[in-house]
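J.: The residues making up each chain are set out below.
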Amino acid sequence: MMGAYLFKRLVSNVLLVAIAASMAYFLAATSLNPRYKYEGRQPPVAEAVIDATLEQYNLNDKTPVFQRYVTWAAGVATGDLGRTWDGKPVNEELGRRVGVSLRLLLVGTILGAAVGVSVGAYAAVKQYRISDRAIGVGAFVVMAIPVFVLATLLTVAAAGLNGVLGFTLLEYTGEYNPALSGWDQLTNRLNHLILPTISLTLGQIAYYSRIQRNMMLDVLGQDFIRTARAKGLSRRNALFKHALRTSLVPVATYFAFSFGTMLTGATFTEKIFGWHGMGAWLVDSIQSHDVNSVAAVSLFAAVCVLVAGFLSDLIVSAIDPRVRVS
Amino acid sequence: MRSKIVLARMLRNPQSRYGLLALALLLLLAYAGPFLGPHDWTDKDFLAFMEPPSFDEDGHWWGTTQIGQDVYAVTLRGMQKSIVIGFLVALFSTGLAALVGATAGYVGGWVDKALMWATDLLLVLPSFLIIAIVSPRLKGGSWLWFVVLLALFSWMITSRMVRSMTLSLREREFVAAARYMGIPAWKIILRHILPNISSLLIIDATLNVSAAIIGEAALSFFGFGIQPPDVSLGTLIADGSAKAIGYPWLFAFPAGLLVLLVLSVNLVGDGLRDALDPGSNQ
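Going down the list, the protein sequences come from chains R and V. Following numbering that gives the first Met the number 0, the numbering of the first sequence begins with 0 at its first residue and continues without gaps. Following numbering that gives the first Met the number 0, the numbering of the second sequence begins with 0 at its first residue and continues without gaps.
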């Protein structure tokens with residue numbers, strides 16, 4: 000029963016990914032113009048040479064788009080995502096950029112979820128007190144600040160602080176300083192991580208705290224909490240062992256889902272702080288007319304969304320006994 | 000009347016009262032403000048490039064840009080565009096969500112399957128990437144195309160909610176009665192299903208306004224949104240953020256207004272949710 004359901008779902012998901020990626024490929028192949036990257040060069044490149052180069056990378060707009068698509072799709076089916084506009088393998092670039100994004104997001108998403116859940120749970124326990132209201136107002140304001148505004152504000156603040164101090168306390172461009180090595184490089188990497196992590200987590204903390212507060216309030220009013228207290232459990236134990244755990248179910252699903260979409264969704268943070276991850280690639284590949292990279296990003300994003308949805312279902316069935324039984 | 004009750008409830012709630020007040024003031028600023036300023040948004044002052052804000056009678060209240068535009072006039076002009084985009088996208092996307100969701104839920108069968116499959120497909124497609132590729136090609140075309148694009152990618156989740164609510168409404172007596180009286184499906188959907196989920200739709204439309212304003216600004220940040228000579232808060236923030244460290248007024252005014260606009264719309268939306276919810280104890 001379960002196996003058949005999972006299989007059916009897998010098939011429909013693979014189909015969805017295939018269609019989404021194909022549509023993105025056609026859109027990119029017909030809209031972007033990799034030839035333009037070669038035409039403006041000094042000294043000028045002969046057209047035959049450009050043709051031959053583009054042909055080699057399966058980017059020649061003189062080849063019918065359907066034929067290019069078939070070549071691309073055949074490659075993807077064997078795990079080869081093609082070449083970038085200047086001939087580098089897309090696979091390598093993808094691997095490198097996923098690594099960058101993971102290094103950026105791992106700390107940020109976990110921190111955001113953990114802090115957000117704690118703040119939300121705290122607000123729920125202190126419902127209608129000053130602290131709850133302050134948290135609520137804070138979350139509301141933070142959620143109204145788009146990440147590109149927040150990230151820019153952080154760079155301005157860091158530049159101002161560095162200027163006042165007269166030395167670079169906080170780094171705000173790039174992932175690390177390649178001139179350093181060993182421990183120095185590690186601390187340098189951590190320094191570079193501070194501001195982008197703040198820009199990623201603030202919004203998440205606000206969002207998680209709202210969900211967690213609502214869930215917790217729903218749970219706190221339920222009979223099993225009263226029963227637990229009536230059995231003689233202390234308030235602290237009832238809150239942590241019963242209320243918090245139950246109210247974590249929706250948050251956990253959201254966490255799985257958001258991590259998947261974040262992998263390509265941290266575009267602004269990556270671009271503003273100069274990290275060359277997947278999110279930045281989304282913008283860079285379009286701006287450099289890089290058809291195969293655009294297709295690769297779309298494929299990756301579609302796979303991420305579906306895997307994330309799948310994961311969040313699995314997590315629910317793992318921690319929610321009601322789902323497991325039925 | 001229900002709308003009167005809802006309005007009274009909203010005004011009793013301080014949060015939505017401030018939201019409404021702030022929104023009204025911002026709309027007033029956007030549409031009446033340009034008449035008060037000493038400069039027009041198309042004027043270029045060749046004697047003042049990158050001037051900081053000045054408080055002279057005829058000066059540039061919010062400073063000038065690199066090409067001598069008055070930041071006050073340009074920002075308000077951009078704000079008008081952002082507001083119009085926000086409202087149009089919200090109207091369009093919530094309308095689409097309601098129609099698709101209600102049709103899928105009410106008609107059922109293969110129509111339901113096909114519509115929900117299309118919804119899933121749009122959810123999987125990276126909307127940012129597609130709008131980013133398509134919208135610069137609309138250069139010279141109307142910015143309304145951009146509204147259509149934004150709306151096209153923001154209705155899916157709501158339509159799933161509408162569908163599941165329709166599924167339970169379909170079994171109710173008044174819908175069955177209408178069906179047995181021979182009323183056609185489209186009329187039942189418009190007259191009986193949609194009015195019964197109007198609370199959800201109103202809340203959704205309000206929150207979509209702020210989502211669309213942010214979405215426009217986000218795309219314009221990379222030059223994928225509103226194209227020059229049109230300006231929006233997004234294009235202004237994009238220009239300003241690159242120079243924010245040396246010339247903060249270029250960034251501060253459009254970004255500040257964007258945040259205030261989104262905040263006030265969200266406050267109103269949240270207040271509407273409380274006011275429309277019969278279970279809330281306001």
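Don't take every hint at face value.
In the DSSO-like style, the derived pairs of lysine-lysine whose C-alpha atoms are separated by at most 30 Å in a straight line are [to be verified]:
1. Lys80/V / Lys270/R
2. Lys112/V / Lys7/R
3. Lys270/R / Lys36/R
4. Lys125/R / Lys230/R
These aren't lab readings, by the way, just hints derived from the structure by calculation.
J.: Check whether the Cα positions of lysine 112/V and lysine 7/R lie no farther apart than 30 Å.
T.: 15 Å, holds
J.: Lysine 80/V and lysine 270/R were given as a pair; does the straight-line alpha-carbon distance stay at or below 30 Å?
T.: Status holds; Cα separation ~26 Å.
J.: Hinted pair, alpha-carbon criterion (30 Å max): lysine 125/R, lysine 230/R. Please report holds or violated.
T.: Given pair lysine 125/R, lysine 230/R holds - Cα atoms ~23 Å apart, limit 30 Å.
J.: Decide if the proposed pair is consistent with the structure: lysine 270/R and lysine 36/R, CA atoms, cutoff 30 Å inclusive.
T.: With Cα atoms ~22 Å apart, lysine 270/R and lysine 36/R stay inside 30 Å; holds.
This entry satisfies every hint, going by the numbered hints stated previously.
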